[in-house]
Amino acid sequence: MGKAWTFGENLNTDEIIPGRYNITINPLELAKNVFCEIKPEYAPNVKPGDVIVGGQNFGCGSSREHAPIAIKGSQAKCVIAPSFARIFFRNAINIGLPILECPEAVTGIDEGDEVDVDLATGRIRNLTKNSEFQARPLPDFVLKIVQAGGIVNFLKTHEIEDLL
Amino acid sequence: MGTLVEEIFSRKVGHAVQAGEIVLVDVDYIMSHDNTTPLAVKAFREIGKPIKDKSKIVIHFDHAYPAPNLLAAEAQKKGMDFMKEQNITQFYHQGVCHQVMIEEGYITPGAIVIGADSHSNTYGALGAFGAGLGSTEIGVAWVTGKCWFKIPETIRINLSGQSQPGVFAKDVMIYIAGLLGMDGSTYRSVEFGGEYIERLPMHERIIFSNMSTEIGAKCGLIAADQTTLDYLANETSARREFTQLRPRNPRYERVVEIDVARLGPQVACHPDVDNACPLEQVASLPIDEVYIGTCTNSRYEDIEIVAGMLKGKTVHPYTRVIITPASAKIFKKAMQNGLIQILMDAGCTVTGTGCGACIGRHGGILAPGERALTTMNRNFIGRMGSPLSEIYLASPATAAATALTGKITDPRPYLEA
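As you go down the protein sequences, you meet chains A and B in turn. In my numbering, each residue's number is its place in the first sequence (first place is 1) plus 30. In my numbering, each residue's number is its place in the second sequence (first place is 1) plus 354.
What the hints contain is simulated information worked out from the structure, not anything from laboratory work. C-beta atoms are modelled at their ideal positions from N, C-alpha and C, and glycine is treated no differently.
If you anchor each label on the Cβ, the simulated ranges turn out as follows: (1) R608(B) / T137(A): 22 to 28 angstroms; (2) L194(A) / S591(B): 31 to 37 angstroms; (3) R594(B) / A150(A): 42 to 48 angstroms; (4) N183(A) / K667(B): 55 to 61 angstroms; (5) R553(B) / P74(A): 52 to 58 angstroms; (6) Y541(B) / A150(A): 20 to 26 angstroms; (7) K186(A) / D380(B): 17 to 23 angstroms; (8) D146(A) / D435(B): 41 to 47 angstroms.
This is chain A alone, in the form it adopts within the complex (with noise of 0.2 angstroms):
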């Protein structure tokens, strides 16, 4: 259970870690300026387990895999966005940072509401307004990143063949 962090549509990757700040790979270290300009109150008040709510096309722009390893970094459990750009979504996927495209529940959710998020269902609950979203299910060698923790465990211990 974690509070939600909403966010417009078309949130680019400039703003979700401004290019200057890409001279590092540490997920803390990026995670310091993660929507530095946008919603600069974000960084310093996340919790673990905190959700984003975002937009549709989230996180277009760049190909950085700096923005999805800076949300992951905040220790924020996942996105959630009626659509995602798809360089950032197959690089969420890649690092392990669950995503969820759930239209309705971008819809229902507000900016700190109370949520609940079940990433092996896609169950969504907002407690705050007491309802309910069911996320579209990801393709079957998608869940095997995702549940791997990402392409590179995957990879540990599976030849890339093994995804299809």
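Please arrange chain B on chain A, whose structure you already have, making use of the hints.
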């Protein structure tokens, strides 16, 4: 049978595949740069398996090269150490990665090239599948030689008509971004075609593929034709065998028809690429910096247009005008033909090659309250420096006219002069 992206993947996997199918394919080349290589090296080391085929690996230092600060220097050293250790010889540091990939012949029709850079879509202009990925997947591809893809649905954009003088591919593409929006083609292949595209030279076609990223596209493809073959033969080192592919009885998710004849110069306004409008609506907005560079618009022909407009003139005294040629090859040709002399005489700052001011780390950083007009492909808040600065995107001709007046200026009167 299918769209161009279906044709490319069908050829690669050896049987017909359609949109929606997930395939694991051998990629032809794996590109990364100084910004994205360190994380790929980290993934590579964590996986702990050997490189599959180092002849597929191409690494560029272009984003902040030579290193402008200690942290960048340390990151580049990590990349250098990796290359020395693994004996990676396909290493370049004299130009923007995408331009050098093309010049050095890595991009050929039908090839599948992945890059740890969102503008890897650029390769689509030569009929190759080019797509951006994150660093971890690049590290994975170093080890496996492969990458998974979901074959995307295709949006076909048919461009007809003859553009007006002073209206360039950049103007047309900014218009398209405004029309479709930043998520207008998310997860989709965008296929550009029609008589306008068929008549365009390669340096202008590249704009569409390059900026297909800005409308969310997985790839931005243009079918190879005689223009492509001539360009490959005359302007690149490409000597590999390749297959020309075209859409065959394609089924498109959506077809967009645009007559370019009615378009004037366009500007993408702060702070989104799809915040596009005809130049007239923002004409006379004061500009502190004009930046002509990047993988979008700093090819020889772009610099030639700018030099032609600035010849014998002086740029506005309170406007910084920075020109960063995309590659050493372009820079040398511009020098040989006297263009660099013209630009310097006009008061421009000509920098070394690379990504330059585009990512706000060196070569023209914006202060709070400053406004830039640039030939770049994106204008996100804070991209070139302060989050309190503004970025406007336009063609090189518009950039040159603006450099002269210090405010957003229609290039057409200057081109006629």
